[in-house]
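Chains as they are written, first to last, in numbering that gives the first Met the number 0: chain A, 0 to 350; chain B, 0 to 350; chain C, 0 to 350.
Keep in mind the hints are simulated off the structure, nothing from the lab.
Here a beta-carbon is modelled for each residue, glycine too, at the ideal position from N, C-alpha and C.
Everything hinted at is true.
A few chain B residues facing chain A, derived, Cβ under 7 Å:
1) L49
2) P69
3) E78
4) V79
5) P311
If you want the building blocks of each chain, they are given just below.
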Amino acid sequence: MNTLESRLHAAVARVRENWRGTRFIDGLEPGPAGTNALLDVARLYRANRLEIGRLRLLGGRAVAGLFFDPSLRTHTSMEVATGRLGAHFVYLQAGQGGGGTWSMEFEDGVVMNGTAQEHVREAAPVLSSYADVLAVRAFPKGDAHDREERVIRSFSAHAGSPLINLESALAHPCQGLADQLTLSDLGGGSFARRKVCLTWAPHPKPLPQAVPLSVVRAAVLGGADLHVAAPEGFDLDAEEMERARSFCADTGASITMTRDPDAAASGALAVYAKGWGAEQRGEHTERVADLGHWTVGEARMKSATAFLHCLPVRRNVIVTDAVIDGPKSRVVPQAANREPVQAALLLAWLL
Amino acid sequence: MNTLESRLHAAVARVRENWRGTRFIDGLEPGPAGTNALLDVARLYRANRLEIGRLRLLGGRAVAGLFFDPSLRTHTSMEVATGRLGAHFVYLQAGQGGGGTWSMEFEDGVVMNGTAQEHVREAAPVLSSYADVLAVRAFPKGDAHDREERVIRSFSAHAGSPLINLESALAHPCQGLADQLTLSDLGGGSFARRKVCLTWAPHPKPLPQAVPLSVVRAAVLGGADLHVAAPEGFDLDAEEMERARSFCADTGASITMTRDPDAAASGALAVYAKGWGAEQRGEHTERVADLGHWTVGEARMKSATAFLHCLPVRRNVIVTDAVIDGPKSRVVPQAANREPVQAALLLAWLL
Amino acid sequence: MNTLESRLHAAVARVRENWRGTRFIDGLEPGPAGTNALLDVARLYRANRLEIGRLRLLGGRAVAGLFFDPSLRTHTSMEVATGRLGAHFVYLQAGQGGGGTWSMEFEDGVVMNGTAQEHVREAAPVLSSYADVLAVRAFPKGDAHDREERVIRSFSAHAGSPLINLESALAHPCQGLADQLTLSDLGGGSFARRKVCLTWAPHPKPLPQAVPLSVVRAAVLGGADLHVAAPEGFDLDAEEMERARSFCADTGASITMTRDPDAAASGALAVYAKGWGAEQRGEHTERVADLGHWTVGEARMKSATAFLHCLPVRRNVIVTDAVIDGPKSRVVPQAANREPVQAALLLAWLL
Chain A
0 MNTLESRLHA AVARVRENWR GTRFIDGLEP GPAGTNALLD VARLYRANRL EIGRLRLLGG
60 RAVAGLFFDP SLRTHTSMEV ATGRLGAHFV YLQAGQGGGG TWSMEFEDGV VMNGTAQEHV
120 REAAPVLSSY ADVLAVRAFP KGDAHDREER VIRSFSAHAG SPLINLESAL AHPCQGLADQ
180 LTLSDLGGGS FARRKVCLTW APHPKPLPQA VPLSVVRAAV LGGADLHVAA PEGFDLDAEE
240 MERARSFCAD TGASITMTRD PDAAASGALA VYAKGWGAEQ RGEHTERVAD LGHWTVGEAR
300 MKSATAFLHC LPVRRNVIVT DAVIDGPKSR VVPQAANREP VQAALLLAWL L
Chain B
0 MNTLESRLHA AVARVRENWR GTRFIDGLEP GPAGTNALLD VARLYRANRL EIGRLRLLGG
60 RAVAGLFFDP SLRTHTSMEV ATGRLGAHFV YLQAGQGGGG TWSMEFEDGV VMNGTAQEHV
120 REAAPVLSSY ADVLAVRAFP KGDAHDREER VIRSFSAHAG SPLINLESAL AHPCQGLADQ
180 LTLSDLGGGS FARRKVCLTW APHPKPLPQA VPLSVVRAAV LGGADLHVAA PEGFDLDAEE
240 MERARSFCAD TGASITMTRD PDAAASGALA VYAKGWGAEQ RGEHTERVAD LGHWTVGEAR
300 MKSATAFLHC LPVRRNVIVT DAVIDGPKSR VVPQAANREP VQAALLLAWL L
Chain C
0 MNTLESRLHA AVARVRENWR GTRFIDGLEP GPAGTNALLD VARLYRANRL EIGRLRLLGG
60 RAVAGLFFDP SLRTHTSMEV ATGRLGAHFV YLQAGQGGGG TWSMEFEDGV VMNGTAQEHV
120 REAAPVLSSY ADVLAVRAFP KGDAHDREER VIRSFSAHAG SPLINLESAL AHPCQGLADQ
180 LTLSDLGGGS FARRKVCLTW APHPKPLPQA VPLSVVRAAV LGGADLHVAA PEGFDLDAEE
240 MERARSFCAD TGASITMTRD PDAAASGALA VYAKGWGAEQ RGEHTERVAD LGHWTVGEAR
300 MKSATAFLHC LPVRRNVIVT DAVIDGPKSR VVPQAANREP VQAALLLAWL L
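With the rest of the complex left out, here is chain A (with noise of 0.2 Å):
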């Protein structure tokens, strides 16, 4: 075993001190130090993923991704660290008409007499007979603010294998803890009582909280002070910021709520812009008609650091040309963490 390997061995026999679960679905799961654990396992496949993927250490497993929505970087970079590893990714398109899977029931008891072909019972414990992780990507269908994550939580109990959840309607757990590198990047190597700006911004749809709660949950496991700003009637999800606020006491973190963006930004480490869903969802289009101003621009990002978005991201409508295209945008290098995390979390469950 050559010195690379010895020590991804020990960074990943660290994670599994702190942390043998099989779920990860809203990214608490590994705690703070498992989490830790987890990006040091990320920066060793970062710093020398070439010569790391010369070692095929994940030879012989498999990888299913079972997708119900588009994807670009969560399928490119789930695929990408699973076939660096030398493990074989699985592609599945979910419930298409024409291709793709079979259309897939999730309610017990029913009498399936009706459209749909295949029930999660069936599939999600099939899936795990060939593979040895499941990954699974379902948002919520329409604008519906989907508290129970049906489909998640379906295969997690029905599946035999590790879980991966590429984003739900409650939580993008993966892009957490991508966030979680890139701003330990930016705070060169931590940023426990760092300042963490996460500001609502226009969009025209009213989209799930997926995103800006599994930022929440990374600067409280990473100790940041945050800073969120969103405007009224655009309040996050009040039982799982409570369930985030949980770990605050023991990372050192604080979350403070201001409707002000510009005092939210000030000399932040991060300015983290994200849309989401108004409140009561059929004013959102009306009430984000009047938001304008808080799109990021050049102004508010005079006194902070980097500016960060998960991408795709809508310009000139989230944030201008000016400050995407500036010195202060990391976005690409946030993108990119995605890969690491990942092959993070593979190695974790299957070295």
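With chain A held as given, fit chains B and C onto it using these hints.
For chains B and C alone, kept in the frame of chain A given last:
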């Protein structure tokens, strides 16, 4: 060469002593002896999946899978088997409007000035030039009972590489091979002379007979005492049944047809349920409405050992929740057996 | 390092001595010497495909292929070449409604409050962060003769990794490179000074000129005596022809334009047929109706050595069954040559 590798080579050699064919279309091709040898390779793969995967025995090989229809198990198990053995799998979605491949012509001599863009006479040999094995899934269009199986037969005529049928109108031979593995597991290594029940069950659509005919072939190859229960007007294709029956003398199998599902299920090693279309397709919906007592419930399973179904299954239509969630249900290990039997086919051709 | 591996390294070194570029967009980039060196790598790969595959020379590498349009040969040959070399290929379906990736914006400075969700300014560098090589297929939308080639040019401007054009409005450079390999096979190692015929042929749709222009470039790079036959009103793009012609002095190639397909085909090493749109797109259908005699039949092939077409081909519209099924047809080996030339590109960049 390590011990496992030499055992695999020996097992593959036994397949080749019994079968030199390059087509696996209805599943009868390897004959009883070739099939048994394939099952031995599958058992070896199944018991050592990860270790075999690490050997990369099929490194440098490629398999192309062309899907005209949706798939969960077939796609995933075929791709995982290929990838785990170190070969590369290309998933091709056939004939999709915006994406996938070109729409295909199968008729000879036609003037192609309509919508079809590519003739199978080019598509098949070209794919064979890239891939070491071709795998094709093509159901009959609409409700037709497509006795000609034009798609798979055309590919067979023009492909220059070994070809696997991933389900056509009349056969799902990989399912049949996996079913033999499952039945032999249930029978402690063999199901020769054991009673196996194939029972028609209600389904809203007049499905083709690919699976039930493959169950018949599997039972016959393995020497089972097969009891097929179906309502009047739902008899299986006479010609295909006759072809299967011709193996009975060789393997000691027997086939009994009945209208009584309880008699067929009584004392069976396995009750294999499947819906298929009425002989008079137009009357299917009306007929099924009166056949609810064919749904497999706990009473019918009372003296049987195991419940099988190829999946996807319509719960509480084909089978009750109580049976499929109960201790006799073997549908997940049955589906899991798809990977090792398909790996065995690839090894038989490419090792 | 074994002999084959060192021969490959030497062949790749000769490519790099002649070409240090990271874009393969119209196929002229490597110039005549770089192209010849690439063809030598391709020949080495083709003659030792399985053995090279087992070496896993590009282990730990990843290639992302983004497809805005359907594909059979291009997708399969690119993915197989990548996989056989030990790298991982990610297939991405662009801009599909329900599945695939996000819909993309290519215009600078736009306010993205419409349907486009992701700007190429993010998509390209992000994909480059995951993949070592990017490959993009994007035909022009509708019947437009898209001289700007916005999609591939935008990716070229913003991608941080080497980029392969898998067919745009004006070029199909991998097809062109494969065609040089095929023509040189026909000519016994070279087709310099040999007569090559490119002939327009009827097609119901006003197709773009990507393939015929790439044939012209291939012929010019290889020093052919090219005869291009097309009916009045179907001339190829003048500017692109002029650019290709500028290489003639260097390679000894010549280009002759004619309205007489029989004269062009007479005595040719290869008759390469292809349909493309009328200069006046709106008149295409009407014009084609009178041009049935441009279909390549046996009489036209009488004194020619081989028939070529990039595929997919419309039988009995572009070419008769008798020719394409006859002994002079080389369309299958021509398509097979796609894999080795694409492997050569990957090796040149990543070995």
